[in-house]
Amino acid sequence: MFVLVEMVDTVRIPPWQFERKLNDSIAEELNKKLANKVVYNVGLCICLFDITKLEDAYVFPGDGASHTKVHFRYVVFHPFLDEILIGKIKGCSPEGVHVSLGFFDDILIPPESLQQPAKFDEAEQVWVWEYETEEGAHDLYMDTGEEIRFRVVDESFVDTSPTGPSSAEATSSSEELPKKEAPYTLVGSISEPGLGLLSWWTS
Amino acid sequence: MEVKDANSALLSNYEVFQLLTDLKEQRKESGKNKHSSGQQNLNTITYETLKYISKTPCRHQSPEIVREFLTAMKSHKLTKAEKLQLLNHRPMTAVEIQLLQMVEESEERLTEEQIEALLHTVTSILPAGPEAEPKRNPDAATGDDEDAA
Numbered sequence: 001m002f003v004l005v006e007m008v009d010t011v012r013i014p015p016w017q018f019e020r021k022l023n024d025s026i027a028e029e030l031n032k033k034l035a036n037k038v039v040y041n042v043g044l045c046i047c048l049f050d051i052t053k054l055e056d057a058y059v060f061p062g063d064g065a066s067h068t069k070v071h072f073r074y075v076v077f078h079p080f081l082d083e084i085l086i087g088k089i090k091g092c093s094p095e096g097v098h099v100s101l102g103f104f105d106d107i108l109i110p111p112e113s114l115q116q117p118a119k120f121d122e123a124e125q126v127w128v129w130e131y132e133t134e135e136g137a138h139d140l141y142m143d144t145g146e147e148i149r150f151r152v153v154d155e156s157f158v159d160t161s162p163t164g165p166s167s168a169e170a171t172s173s174s175e176e177l178p179k180k181e182a183p184y185t186l187v188g189s190i191s192e193p194g195l196g197l198l199s200w201w202t203s
Numbered sequence: 001m002e003v004k005d006a007n008s009a010l011l012s013n014y015e016v017f018q019l020l021t022d023l024k025e026q027r028k029e030s031g032k033n034k035h036s037s038g039q040q041n042l043n044t045i046t047y048e049t050l051k052y053i054s055k056t057p058c059r060h061q062s063p064e065i066v067r068e069f070l071t072a073m074k075s076h077k078l079t080k081a082e083k084l085q086l087l088n089h090r091p092m093t094a095v096e097i098q099l100l101q102m103v104e105e106s107e108e109r110l111t112e113e114q115i116e117a118l119l120h121t122v123t124s125i126l127p128a129g130p131e132a133e134p135k136r137n138p139d140a141a142t143g144d145d146e147d148a149a
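Going line by line, the protein sequences match chains A and B. 1 is the number of the first residue of the first sequence in UniProt numbering; add one for each residue after it. 1 is the number of the first residue of the second sequence in UniProt numbering; add one for each residue after it.
Bound conformation, chain A alone:
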């Protein structure tokens, strides 16, 4: 689920923090910059693991702060393909089942990856697995708050960096509500034996 990512960055320490130990200031700055943020094509950054190398700190003319090039390792949430994860159902919609891990919310299980046959109950806005046995069909509901085991089948990174002003002229300002796109989304699947709500498989 978690990987270690080696990164290099230049950290700026303002002069009023010079009395603190350099390592502590740098660790704090790196966490401030990266914790709980998604790095494109890398994953969701959790926290600093360690600092591997500190290069010389420079002070540039016009700026009293010191700039240090830091090599460090960061703990990043980046599940590999086909990994099994356990999450909680956040809700259901016609697009599929939304699952959340607490610290990461943008996981979707599309209708075709649910245990077949499945149907969407409009009245209760919930997906149902119609499980057939010899005795008849059981309707297994996928309720909100239930723990669900799923397999990661796909991930997608969207570059959400701001675009330039030229694109704003095409659309009128009233429709300019920017669609908030999640920078990192996972697509899951539960169409295998053992996957789905934990309560379905505990005997």
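Worth double-checking, as some hints may not be accurate.
Unchecked claim - Simulated restraints on C-beta separations:
(1) N23/A / S124/B: 36 to 46 Å
(2) T123/B / S161/A: 45 to 55 Å
(3) V8/A / L10/B: 13 to 23 Å
(4) N23/A / E116/B: 48 to 58 Å
(5) S161/A / L70/B: 40 to 50 Å
(6) Y58/A / N7/B: 55 to 65 Å
(7) G91/A / R67/B: 17 to 27 Å
(8) T123/B / F18/A: 49 to 59 Å
(9) I51/A / I65/B: 21 to 31 Å
(10) R20/A / S124/B: 46 to 56 Å
(11) R67/B / Y141/A: 34 to 44 Å
(12) N43/B / P162/A: 52 to 62 Å
(13) F18/A / S124/B: 48 to 58 Å
(14) T10/A / E116/B: 51 to 61 Å
What the hints assert, rightly or not - Think about it this way: if two alpha-carbon atoms lie no more than 30 Å apart in a straight line, the pair counts; the simulated DSS-like pairs of lysine-lysine are:
(15) K51/B / K80/B
(16) K88/A / K51/B
(17) K24/B / K21/A
(18) K24/B / K53/A
(19) K53/A / K80/B
(20) K24/B / K33/A
(21) K83/B / K51/B
(22) K21/A / K28/B
(23) K83/B / K88/A
(24) K88/A / K32/A
(25) K180/A / K37/A
(26) K51/B / K37/A
(27) K28/B / K53/A
(28) K32/A / K21/A
(29) K51/B / K24/B
(30) K80/B / K55/B
(31) K4/B / K37/A
If you're looking for bench data, these hints aren't it; they were derived computationally from the structure. The beta-carbon is built from N, C-alpha and C at its ideal position, and this holds for glycine as well.
Given the structure of chain A, go ahead and fit chain B onto it with the hints provided.
Positioned in the frame of chain A, the structure of chain B alone reads:
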């Protein structure tokens, strides 16, 4: 900022759990959170991740248990990713183990008895989560079938 290696090492949930608990202790000791506005993101993500990992069986592990588990696993010839998943999930049934197999032909790779042996190693070495049924150690789990709170 430059990413030198996006996949330098895999971390088990237990390692992340330990790292975050140590971080929390350190931050509590350092007293006043004068940087609370800037550290809010770190606080949020550590709290949520710690909450998530605490509900998994990883919280009862220790470095010795992990080492013991890995030496016991050597005989089964599993890939790194499979061993990591076994460590993180602690499967209790054969179905779960089949799920965690990365190779397509999982039925051919592991026979029934190998799966049984694997299950036995997993349940005997790795400590159970709070909601597990007590199989061998009646004092390990508090109750049976209570939903993880």
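So, going through the hints one by one against the coordinates:
{"no.": "1", "hint": "N23/A / S124/B: 36 to 46 Å", "verdict": "holds (42 Å)"}
{"no.": "2", "hint": "T123/B / S161/A: 45 to 55 Å", "verdict": "holds (48 Å)"}
{"no.": "3", "hint": "V8/A / L10/B: 13 to 23 Å", "verdict": "holds (21 Å)"}
{"no.": "4", "hint": "N23/A / E116/B: 48 to 58 Å", "verdict": "holds (50 Å)"}
{"no.": "5", "hint": "S161/A / L70/B: 40 to 50 Å", "verdict": "holds (41 Å)"}
{"no.": "6", "hint": "Y58/A / N7/B: 55 to 65 Å", "verdict": "violated (31 Å)"}
{"no.": "7", "hint": "G91/A / R67/B: 17 to 27 Å", "verdict": "violated (41 Å)"}
{"no.": "8", "hint": "T123/B / F18/A: 49 to 59 Å", "verdict": "holds (55 Å)"}
{"no.": "9", "hint": "I51/A / I65/B: 21 to 31 Å", "verdict": "holds (29 Å)"}
{"no.": "10", "hint": "R20/A / S124/B: 46 to 56 Å", "verdict": "holds (48 Å)"}
{"no.": "11", "hint": "R67/B / Y141/A: 34 to 44 Å", "verdict": "holds (43 Å)"}
{"no.": "12", "hint": "N43/B / P162/A: 52 to 62 Å", "verdict": "violated (26 Å)"}
{"no.": "13", "hint": "F18/A / S124/B: 48 to 58 Å", "verdict": "holds (55 Å)"}
{"no.": "14", "hint": "T10/A / E116/B: 51 to 61 Å", "verdict": "holds (55 Å)"}
{"no.": "15", "hint": "K51/B / K80/B", "verdict": "holds (26 Å)"}
{"no.": "16", "hint": "K88/A / K51/B", "verdict": "holds (13 Å)"}
{"no.": "17", "hint": "K24/B / K21/A", "verdict": "holds (19 Å)"}
{"no.": "18", "hint": "K24/B / K53/A", "verdict": "holds (24 Å)"}
{"no.": "19", "hint": "K53/A / K80/B", "verdict": "holds (28 Å)"}
{"no.": "20", "hint": "K24/B / K33/A", "verdict": "holds (18 Å)"}
{"no.": "21", "hint": "K83/B / K51/B", "verdict": "holds (23 Å)"}
{"no.": "22", "hint": "K21/A / K28/B", "verdict": "holds (18 Å)"}
{"no.": "23", "hint": "K83/B / K88/A", "verdict": "holds (24 Å)"}
{"no.": "24", "hint": "K88/A / K32/A", "verdict": "holds (28 Å)"}
{"no.": "25", "hint": "K180/A / K37/A", "verdict": "holds (15 Å)"}
{"no.": "26", "hint": "K51/B / K37/A", "verdict": "holds (18 Å)"}
{"no.": "27", "hint": "K28/B / K53/A", "verdict": "holds (27 Å)"}
{"no.": "28", "hint": "K32/A / K21/A", "verdict": "holds (17 Å)"}
{"no.": "29", "hint": "K51/B / K24/B", "verdict": "holds (13 Å)"}
{"no.": "30", "hint": "K80/B / K55/B", "verdict": "holds (23 Å)"}
{"no.": "31", "hint": "K4/B / K37/A", "verdict": "holds (18 Å)"}
The structure is inconsistent with the numbered hints 6, 7 and 12, although it conforms to all the rest.
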